[in-house]
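There are 4 protein chains.
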Amino acid sequence: MKSKSVAIVGASGYSGEELVRLLLSHPHAELAAVTSSQYAGQTVARVFPRFASHPRARELHFTEPKPELLAKQAEVVFLALPHGVAAEFARPLLQLGCHIIDLSADFRVRNPAVYQELYAHEHPAPELLAQAVYGLPEVYRAEIQQASLVASPGCYPTSILLPLLPLLKARLVSPNGIIADSLSGVSGAGRKAELDYLFVECNESVRAYGLPKHRHLSEIEQELSLAAGAPVVIQFTPHLVPVNRGILTTLYLTPAPAGREGFEEQIAACYQRAYGQEPFVRVLEGKALPDTKNVIGTNVIEIAWRLDPRTGRVVVLSAEDNLVKGASGQAVQSLNLMCGWPEEAGLR
Amino acid sequence: MKSKSVAIVGASGYSGEELVRLLLSHPHAELAAVTSSQYAGQTVARVFPRFASHPRARELHFTEPKPELLAKQAEVVFLALPHGVAAEFARPLLQLGCHIIDLSADFRVRNPAVYQELYAHEHPAPELLAQAVYGLPEVYRAEIQQASLVASPGCYPTSILLPLLPLLKARLVSPNGIIADSLSGVSGAGRKAELDYLFVECNESVRAYGLPKHRHLSEIEQELSLAAGAPVVIQFTPHLVPVNRGILTTLYLTPAPAGREGFEEQIAACYQRAYGQEPFVRVLEGKALPDTKNVIGTNVIEIAWRLDPRTGRVVVLSAEDNLVKGASGQAVQSLNLMCGWPEEAGLR
Amino acid sequence: MKSKSVAIVGASGYSGEELVRLLLSHPHAELAAVTSSQYAGQTVARVFPRFASHPRARELHFTEPKPELLAKQAEVVFLALPHGVAAEFARPLLQLGCHIIDLSADFRVRNPAVYQELYAHEHPAPELLAQAVYGLPEVYRAEIQQASLVASPGCYPTSILLPLLPLLKARLVSPNGIIADSLSGVSGAGRKAELDYLFVECNESVRAYGLPKHRHLSEIEQELSLAAGAPVVIQFTPHLVPVNRGILTTLYLTPAPAGREGFEEQIAACYQRAYGQEPFVRVLEGKALPDTKNVIGTNVIEIAWRLDPRTGRVVVLSAEDNLVKGASGQAVQSLNLMCGWPEEAGLR
Amino acid sequence: MKSKSVAIVGASGYSGEELVRLLLSHPHAELAAVTSSQYAGQTVARVFPRFASHPRARELHFTEPKPELLAKQAEVVFLALPHGVAAEFARPLLQLGCHIIDLSADFRVRNPAVYQELYAHEHPAPELLAQAVYGLPEVYRAEIQQASLVASPGCYPTSILLPLLPLLKARLVSPNGIIADSLSGVSGAGRKAELDYLFVECNESVRAYGLPKHRHLSEIEQELSLAAGAPVVIQFTPHLVPVNRGILTTLYLTPAPAGREGFEEQIAACYQRAYGQEPFVRVLEGKALPDTKNVIGTNVIEIAWRLDPRTGRVVVLSAEDNLVKGASGQAVQSLNLMCGWPEEAGLR
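Residue numbers (my numbering), protein chains in the order written: chain A, 8 to 355; chain B, 8 to 355; chain C, 8 to 355; chain D, 8 to 355.
A couple of the hints might just be wrong.
One copy or two, it doesn't matter: identical chains are merged, so the pair holds either way.
[Claimed, not checked] Keeping only pairs whose Cα atoms sit at most 27 Å apart, straight-line, the calculated DSS-like set for lysine-lysine is:
id, residue 1, residue 2
1, K11, K79
2, K294, K199
3, K294, K220
Just so you know, the hints here were simulated from the structure itself, not pulled from any lab data.
Predicted model only: the values in this text are computed from it and were never measured.
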């Protein structure tokens, strides 16, 4: 199988580090360049000692991010940059012929007006929005295969969309009144030197944040609305819990129409149709419930659901590793699709 | 102020240990006896080394639990026993003239048929249910002052009832469609040698459990129904997160009637009326949100709320220490009321 | 008992916050002022929500640190400032008649040349070194009672000195070849927004740091040398472990002279003499070993020791809360001595 | 490369689970059987949900451990059993022609009298001790390649022996006065339902245990003595710290003879000779110090050392994953050697 050279721009954060981990051991990708203004000149082995036994990590040096140089080194470039900065790199890299997988939110929301409202500045490259593909392989597999610009989804959206989209598309649950209650590990906040994320401030602490409106709502509601065929507005509460990795999401849904017969069989069949052949979606059976510790380090999302006969609601739960299926693993899944490699390459 | 002698039956669990901590330093209560079949003959200092610097802990020995002896030693007896066992001790102790504060669920649900359904055996002392007072001081203060048998609420019910009851009583939120999503520290599972609660099984793990029906639902719905004046059925999802102590509950509520004017001012006024003078309820202002680390080791419950203009819902959050306001601290609060002591005695 | 007004300069770090906690509930001290450039103008309740139920915390505002004003507000001033800065505040405050309890290292080392070597700048107030008393109450009780300037010991020194000084003074162990291996919780690093102390970098991580020479060695060796009557040089390895609070120190010592008879009885008697009446030193008996969880939140240090018949060595272990006995609790203990209050006031 | 079928007896503990993980993705080993009396009849996917996406885990069922059956299914059998039980399985399996890799201590100590003293019963198969090879590949590579019975080392011994053996063999450090101070994650205690290892008892706790003599001392001292050519007695203190995985060991050593010139260069050269070509030993350079988070999930041991000019001692530190290099990874490394596969197979 033909291998390709890849680069990571902004490889010093947690998502970037996880991309390094996955790509160093990828069977077909060759990690040609990693950039970081902070660490330029240092080897990957020095900055991330956990990779120091990998020969490539000992010879590969971080460089300053320069599009012209990157375009010579790599056919596919991952952008693991802050929102706003990513779009500025995407434009020249695309013009120079690279394929882009962007882990920021810059190209996830199709409407630039929404972007401006969220981030309080104009979208840096609105002309690229039309060509960007939302990088959820279980939903947009064919589009990703053809894409030159993939907007890889965030960790919260992935944990909400994968369990919810099939039910909405099948009109099994109402698009109204949806509640998503999510618990995230601290790596979701990024490698930022802020007091709020110090060990002592997070350990033995459980708290909600960002109420009532979180930035990721826009991409979530955009995709839900597409699935439902009508505008969907959800209630979303993110919480911070003291684990390094993992997101557990609990969804509260209303069957539509309520009280229909054979509802549980239909839910089961719907998930079987949607995910029965998916390598990275595990719909649990029997009494099992999702547990983040069962998916840490993997690209798998676990899903389980219960119909509550007392309330008539469907409660759906999902668990994923926020840095793998919620970020870098999913991005590599898109890479595999774009390059025509087996979708599980480097992810087992 | 007249002091009284108190005893703890079943003092070897986490709630029992927390009672020991609070009562050893209580200004008016004298800890006269602690029982535990497992530790009988050993001093409190030896079983709980953290109390070893307290002189009383070095001289007080655990004994076998015997009602006749306890009744001679103590005027008030705390029962920190498993469900079912507590009721068997309550009957003789009451007959012998003791006042009882029971931390189990045995006397919390007024209808013995519900008890039988939940625990799959007949209630051990149904004749006592009529005299039992639900030990939520902010709601049943006057009744607790007169009670001889207090059924002290569980940790989940406290975290749900205190933020919710005033809104229901004031008819500010609908009794329909209520959702309570709770995150509990591991001490909530008790000091039980089970694989599920080993460090390695809980650390770096986030998971829901007990879906769709949890045993504590009965007492929660009983009290909500009394407040609403109509039967209330709620959706409740407990989760386990890797902290020792603390419960964070997120409530999803619907204003009633929707869209009324001045709703936020009415919510604020309602909480001010209900809790403005309460020493152990802290309704947060401004941008602050509850965080379990702010209440650990205290008898305080933090409450905050947000009206979400996008969905029309009210999201209410609460944080408490499951072993203090959610168990032993609340029980001592009831003790203070029963004995005519200042309500904050031993809880500051 | 006559109460006194006290102030805390630099109350926004972990030691400062712990001082606030202890002084808010102190029976004789009145917390008159807290300073912090960062939080000036905000109430204590707002900056530290965990104290928000305390009436004084709701009315007391952080101010800019100004010696003239502080001297009018408080008779005793705690300095919880970075090294170097503390000395600059001590001088004017002493001149204005305040008593000072300094939690920094500025006045712990008697020789200003050592200070200069450690911190690479001249000592800011060398003329005050002669009057400073090392604030280890179990050793310098009488001197602290008379002191106007107390240099309160650090967390590592306390955990090493208290178990070691009595043995050295009694010539029961050799002053040569001493090894101190310490494990510290992350709060020991202070409330600093640095990547190394982020939750994700500390959780699931165990590491040594600062080898082979740690800044606190000077004050440790100074005090050991005084006890031994000869220069003592020790091996000291600090480690960081993922807990919020606590230090566990393991000391490796050689009996002197080796092989003497009745050695274990002499060790036991030595500790009994030194600490039998001390309220905050708990020498464990039987099979018990120190555990940080038994001292968290208290001013107690636990000590245990074992003679290893295979190697002839004595292994001594200690456990303390680094923020209480290792910092703020010990400082309050000195306050009590300076003010003629019961030594345990506010520390039970 | 010729693949072989392997089996795991006692696969329900943490070491067993880690063996399952490694062998499911091993390129040459085929996991033919896993046994567990507790889980017999259930699939691996059900017992260990984290492996549920692996096809083999969904079809492979736990069975009762029966030597005759195992010998038909597997050419190599891993024993992940309690001490004493392992030896009883080894005898019949060897007679039936299997090769054995035993993760218990049963065959690690060559002298059956020592075994009897440690475990208070006679060695169950003393006749097999002579043929057992101590499974430390970096030391006994050639012997392991020829072995039919490998006694795979424990986690503490590995963390002490690998950094220490080269220095002792080169006579660079004295065999006298060696101190090993180790910090272990909780999985080292095994998957046992005991109160001491509950989350609440381990979280926010740091403690030593097993003083002054730990069972693993015998195998450690046996190997050190062989290297030194004389009996070696060490001081060893194990501590429990709240992480799932990882051991950090700090060794205190005396150069021999003291004060020799060029000592640091000789240490560096010694480690380079011993481990320069070893794939799983990483001797750190520059200012880097071992950190368990850099080796978690890998078969690597990190080593660093410092000569302390103040004390004349050498301090050596090592970090490993107690379940990988300290147990199951090392066992797979031996498997690779026994089967003639690349030593890193399945361990990258």
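Hint check:
1. K11 / K79: within (12 Å within a copy, 45 Å between copies)
2. K294 / K199: For K294 and K199, only the inter-copy Cα distance (22 Å) is at most 27 Å; the intra-copy one is 39 Å.
3. K294 / K220: Answer is between; shortest inter-copy Cα gap is 13 Å, intra-copy 34 Å.
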